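Protein sequences, first through last, are from chains G and S. Mapping to this note's numbering: the first sequence position 152 is 152, numbers consecutive. Mapping to this note's numbering: the second sequence position 295 is 295, numbers consecutive.
Zero decoy hints are in this set.
Treat identical chains as interchangeable: a pair holds within one or across any two.
Once the Cα atoms are required to be at most 20 Å apart in a straight line, the calculated EDC-like pairs of lysine to aspartate or glutamate come out as: (1) 172 / 28; (2) 209 / 238; (3) 235 / 212; (4) 300 / 324; (5) 11 / 167; (6) 16 / 2; (7) 209 / 179.
For the record, the hints were derived by calculation from the structure and aren't laboratory data. Just so you know, these numbers come straight off a predicted model, no measurement behind them.
Residues per chain are reported as follows:
Number of protein chains: 2
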Amino acid sequence: MENFQYYTPTKVIFGKGTEEQAGRLVKEQNCSRVLVHYGGSSAVKSGLLDRVFRSLEQEGIRYVSLGGVVPNPRLSKVYEGIELCKKEGVDFILAVGGGSVIDSAKAIGYGMTNDCDVWDLFEGKQAPSGCLPIGVILTIAAAGSEMSNSCVITKEEGWLKRGCNTDYGRCKFAVMNPELTYSLPRYQTQSGCTDILMHTMERYFSTGKTMELTDGISEALMRTVIRNVKILMEKPGDYDARAEIMWAGSLSHNGLTGCGTTGGDWASHQLEHELGGMFDVTHGAGLAAVWGSWARYVYKTSPGRFAKFAVNVMGVSDYSDDVDKTALEGIKAMEDFYRSIGMPTSVRELGIELTGEQIHELAYKCSFKNTRTIGRFQVLNMEDMEKIFTMAR
Amino acid sequence: MENFQYYTPTKVIFGKGTEEQAGRLVKEQNCSRVLVHYGGSSAVKSGLLDRVFRSLEQEGIRYVSLGGVVPNPRLSKVYEGIELCKKEGVDFILAVGGGSVIDSAKAIGYGMTNDCDVWDLFEGKQAPSGCLPIGVILTIAAAGSEMSNSCVITKEEGWLKRGCNTDYGRCKFAVMNPELTYSLPRYQTQSGCTDILMHTMERYFSTGKTMELTDGISEALMRTVIRNVKILMEKPGDYDARAEIMWAGSLSHNGLTGCGTTGGDWASHQLEHELGGMFDVTHGAGLAAVWGSWARYVYKTSPGRFAKFAVNVMGVSDYSDDVDKTALEGIKAMEDFYRSIGMPTSVRELGIELTGEQIHELAYKCSFKNTRTIGRFQVLNMEDMEKIFTMAR
Chain G
1 MENFQYYTPT KVIFGKGTEE QAGRLVKEQN CSRVLVHYGG SSAVKSGLLD RVFRSLEQEG
61 IRYVSLGGVV PNPRLSKVYE GIELCKKEGV DFILAVGGGS VIDSAKAIGY GMTNDCDVWD
121 LFEGKQAPSG CLPIGVILTI AAAGSEMSNS CVITKEEGWL KRGCNTDYGR CKFAVMNPEL
181 TYSLPRYQTQ SGCTDILMHT MERYFSTGKT MELTDGISEA LMRTVIRNVK ILMEKPGDYD
241 ARAEIMWAGS LSHNGLTGCG TTGGDWASHQ LEHELGGMFD VTHGAGLAAV WGSWARYVYK
301 TSPGRFAKFA VNVMGVSDYS DDVDKTALEG IKAMEDFYRS IGMPTSVREL GIELTGEQIH
361 ELAYKCSFKN TRTIGRFQVL NMEDMEKIFT MAR
Chain S
1 MENFQYYTPT KVIFGKGTEE QAGRLVKEQN CSRVLVHYGG SSAVKSGLLD RVFRSLEQEG
61 IRYVSLGGVV PNPRLSKVYE GIELCKKEGV DFILAVGGGS VIDSAKAIGY GMTNDCDVWD
121 LFEGKQAPSG CLPIGVILTI AAAGSEMSNS CVITKEEGWL KRGCNTDYGR CKFAVMNPEL
181 TYSLPRYQTQ SGCTDILMHT MERYFSTGKT MELTDGISEA LMRTVIRNVK ILMEKPGDYD
241 ARAEIMWAGS LSHNGLTGCG TTGGDWASHQ LEHELGGMFD VTHGAGLAAV WGSWARYVYK
301 TSPGRFAKFA VNVMGVSDYS DDVDKTALEG IKAMEDFYRS IGMPTSVREL GIELTGEQIH
361 ELAYKCSFKN TRTIGRFQVL NMEDMEKIFT MAR
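Pulled out of the complex, with its shape left as it was, chain G reads as follows (with noise of 0.2 Å):
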């Protein structure tokens, strides 16, 4: 096993009702002057942000608010939000809202306390040195944002996707009402569980070091979210399905899957990473077109961790005379699987139809012009990136 370290300071509000209490945990945090931060209409509509506003009012705290984040959320607005925040003189920000809200409240915290162009954090041109104290209220089920120290812009300027990954950035708190995410569309539902289950299997596929109670926690984690969207697929209402996938969103990215093992794949990601950036993709549903394929191609570095996936997590026979069969059984599970909630398990179902020349300019950029390789189960250059995007095609 490995050495680590393990740190999420994020106080958690778990439950039904618990946006209420917004006013107090800024208060707790002795900052008055919030900047809330969201996305679209639906947190207006819904009544949410003035649910927030209230509780904001009853402690007496001044807020000003900007919306209009968008996935894969952008620099201009990161931009817009520090310069509103500082003629404001805001010191909390409360992000109202799912992964790309939260990211972009990340970035302008970062903004505020680093004295450079926030850009150059997430180009790695400096280390920043702090981030104005975030909260969530959290309303989709997906990135893990609200719990992890990850954060990931967009400059429009050449589509450039950079992340700015440091403690600094976790959140003070985090609340997660299940019953915000009732009102999600089906396929962001089924998308954000992919992404989620994603997070966890990043990490579980590992030829190196591992921890027996890491690997249990992972597997009840996946078998959870595995049953309980499917019960979201006929009620999508269903309060305690929903519950157990917004903590296993948390969870599954916090750290805690992570605990002792060798820092995980993340070559899916990598390949969806490209895929996002020349096509408009979902990122769920973009990693669950590609896992299958890299599986396929990966799982002989080590067919005894794909079948113990299989076994534990896909409920698959194991057949101990043939390591390969459970194996691949488990992938075969885990398609049918992603199918049965309508994810794509091909590039084509998700309507591209990828030319060898798109397939070659993909792999050209995943591998950095032919310079990096990505993974870590199995280390992959840019030729056998060309060869997973061929089978995903």
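Position chain S against the provided structure of chain G, taking the given hints into account.
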């Protein structure tokens, strides 16, 4: 599922050689004058204390030290610590040891930041408003105090044992090197593992609302502890087994295994508490001695819950037509396990022959002179307690 709050701000630094980071970690907290608090001579003899001192010196941090903390840590030592800290202008307490040392450190920290007799906080006469920052170098995997909010101190006058549990007392960091637990006496290892299991079992046995993900995590944790303590019976220096148990000890009591449930039962802990008050009993061993009798006394309240435990944790066959049989076989399997690791499953095996009068006195004290009940799985009055002690005798 119940609403819940989850807050574990403690930064965990886990693995080989991590105690060398003590100085850096204190410096990260912007503290400069440390009380190094420890128990007996083992930390001195093993050279651990010297390594910790060196690490502090390398960062230019001044320190004083105070040893002599005993199991069931005493109020007199807490007063001694407070006096020393005030005299020396201490701004950080570094506990080097297990639960007793950590709890003693927390109590000193409370005493330093609250303007009253520290015992008033334990008697509930005043609510704490803060605590000096605490860090831990953990040497015993058992109590889970390194990540929990709990702190239990014994006042020698009247042998009163009281708790002060607040988020202020959560440690800033916990350094966990499994190698530091190699030299633990066998009985301490076994008893510690029992304590770890019981922290999860007390939360797991519930007739109220539960959370599927929490159940899955709890079951994985219990299976992990059971499997790995057996390994340690043969190979006390097995690094991976020590690490699994050390991490399980923290997760078992940091709140994770209670998320979404109705708060746990804790009757076995209350019964053991009285035993420990009357006789010299190691906490974990005392829990093992009473648990089976408690379980047989209450299981009919929800045999299905015990059957789930039997199948998912103890690997008992699921006699689906006879849930009572499955439940009882699970209890028996747990007791067989305890015996297999040298733990008692009756009070007699602790070397104590309880008289009827003593049993009455234990129940009388545990029920606060017949004025309170204990337990949530099944609410137990004084008469119930007498019956359970009689079964366990």
